[in-house]
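Just need the whole structure built from these sequences, with the hints factored in.
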Amino acid sequence: AQKITQTQPGMFVQEKEAVTLDCTYDTSDPSYGLFWYKQPSSGEMIFLIYQGSYDQQNATEGRYSLNFQKARKSANLVISASQLGDSAMYFCAMREGGAAGNKLTFGGGTRVLVKP
Amino acid sequence: GAGVSQSPSNKVTEKGKDVELRCDPISGHTALYWYRQSLGQGLEFLIYFQGNSAPDKSGLPSDRFSAERTGGSVSTLTIQRTQQEDSAVYLCASNKKSGGQETQYFGPGTRLLVL
Numbered sequence: 144a145q146k147i148t149q150t151q152p153g154m155f156v157q158e159k160e161a162v163t164l165d166c167t168y169d170t171s172d173p174s175y176g177l178f179w180y181k182q183p184s185s186g187e188m189i190f191l192i193y194q195g196s197y198d199q200q201n202a203t204e205g206r207y208s209l210n211f212q213k214a215r216k217s218a219n220l221v222i223s224a225s226q227l228g229d230s231a232m233y234f235c236a237m238r239e240g241g242a243a244g245n246k247l248t249f250g251g252g253t254r255v256l257v258k259p
Numbered sequence: 757g758a759g760v761s762q763s764p765s766n767k768v769t770e771k772g773k774d775v776e777l778r779c780d781p782i783s784g785h786t787a788l789y790w791y792r793q794s795l796g797q798g799l800e801f802l803i804y805f806q807g808n809s810a811p812d813k814s815g816l817p818s819d820r821f822s823a824e825r826t827g828g829s830v831s832t833l834t835i836q837r838t839q840q841e842d843s844a845v846y847l848c849a850s851n852k853k854s855g856g857q858e859t860q861y862f863g864p865g866t867r868l869l870v871l
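The listed protein sequences correspond, in order, to chains A and B. If you use the numbering used here, the first sequence closes out at 259, no skipped numbers anywhere. If you use the numbering used here, the second sequence closes out at 871, no skipped numbers anywhere.
Take these hints with a grain of salt, some might be off.
With a straight-line cut-off of 30 Å between C-alpha atoms, the simulated DSSO-like cross-links for lysine-lysine are [claimed, not checked]: (1) 213/A <-> 146/A; (2) 216/A <-> 813/B; (3) 853/B <-> 216/A; (4) 767/B <-> 813/B; (5) 213/A <-> 852/B; (6) 213/A <-> 853/B; (7) 216/A <-> 852/B; (8) 773/B <-> 146/A; (9) 146/A <-> 853/B; (10) 146/A <-> 216/A.
Which residues of chain B face chain A? A partial, calculated answer using Cβ under 8 Å [to be verified]: (11) 789; (12) 797; (13) 799; (14) 812; (15) 847; (16) 860.
If you want the footprint, here are the derived chain A segments under chain B, 3+ residues with CB under 8 Å [what the hints assert, rightly or not]: (17) 190–204; (18) 249–257.
Hints in this document: simulated from the structure, not taken from any laboratory. Where is the CB? At the ideal position from N, CA and C, for every residue including glycine.
Spelled out as structure tokens, the structure:
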């Protein structure tokens, strides 16, 4: 079974509008962390935002916020006021605790194209 | 400060040749990871080093792949007898082992093309 699922392979968004990128995860570990990374066409992986499994509040970082619904095992990324520079691939990733070690498991990504 | 650096940026090789990819982590980061990203795909974990502990090699796809980390800093990923399916971007990441968030910061990657 996929540990991280991103169901939207690609999406268009109008500049200045908000966009939600879906991410669902599968783990039986009570302690885990969820990350979102942005990968522009240049190829670098840029860290955006983090949510810990025990965090009581949804994470926010500037225009990025994470809609964390623990019972549904979803961690959707919301980008507000989209800008042209937001056009990129976006990856959701999970780090589990215990024997899984510190490695990140990534979803397949969502390509976002912001239209002017 | 300086981020994670990787070299070479691009590597073209012939099938059957060996290649070495280098990663220089962020200074002070004790954990180092290698991932592979095939075209249009997400990242796939390869290997993880933490301090002086034995590396987690659980993601290496075959015994043609190996990695070492000398002096707790620079790491080299070696692929022997390269195959065309090894063509991918190889990404290195590092983080500080501190408990909690431990965000991994990535290098720019090495684009490997096996002809």
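Here is what the structure says about each hint:
Proximity of residue 213/A to residue 146/A is assessed by CA-CA distance (about 15 Å); at most 30 Å being required, the pair is judged to hold. For the suggested pair residue 216/A and residue 813/B, the alpha carbons sit about 28 Å apart, so the restraint of at most 30 Å is met. A distance of roughly 26 Å separates the Cα atoms of residue 853/B and residue 216/A; the hinted pair therefore holds under the 30 Å criterion. For the suggested pair residue 767/B and residue 813/B, the alpha carbons sit about 23 Å apart, so the restraint of at most 30 Å is met.
Proximity of residue 213/A to residue 852/B is assessed by CA-CA distance (about 27 Å); at most 30 Å being required, the pair is judged to hold. Annotation: proposed proximity of residue 213/A to residue 853/B holds, straight-line Cα distance about 26 Å (limit 30 Å). Straight-line distance between C-alpha atoms of residue 216/A and residue 852/B comes to about 27 Å, which keeps the hinted pair within the 30 Å bound. Between residue 773/B and residue 146/A the alpha-carbon distance is near 34 Å, which puts this suggested pair outside the 30 Å criterion.
The hinted pair formed by residue 146/A and residue 853/B meets the criterion: a straight-line CA distance of about 24 Å does not exceed 30 Å. The hinted pair formed by residue 146/A and residue 216/A meets the criterion: a straight-line CA distance of about 11 Å does not exceed 30 Å. Below 8 Å, beta-carbon pairs count as interface contacts, and residue 789/B has one with chain A at about 6 Å; its hint therefore holds. Using the Cβ-Cβ criterion of 8 Å, the hint placing residue 797/B at the interface with chain A is satisfied: the shortest such distance is roughly 7 Å.
Because the smallest distance between the Cβ of residue 799/B and any Cβ of chain A comes to about 4 Å, under 8 Å, the interface hint for this residue holds. A hinted interface residue such as residue 812/B counts as satisfied when its beta carbon comes closer than 8 Å to some beta carbon of chain A; here the least separation is about 5 Å, so the hint holds. Proximity of residue 847/B to chain A holds as hinted, the smallest CB-CB distance being about 7 Å (cut-off 8 Å). For residue 860/B, the suggested interface contact is upheld, since its CB lies about 6 Å from the closest CB of chain A, less than 8 Å.
Counting residues of the stretch 190–204 of chain A whose C-beta lies closer than 8 Å to any C-beta of chain B gives 3; at least three are required, and the coverage claim holds. With 4 residues having a beta carbon nearer than 8 Å to a beta carbon of chain B, the stretch 249–257 of chain A meets the requirement of three or more and the stated coverage holds.
Against the hints set out earlier in the document, a violation occurs for number 8 only.
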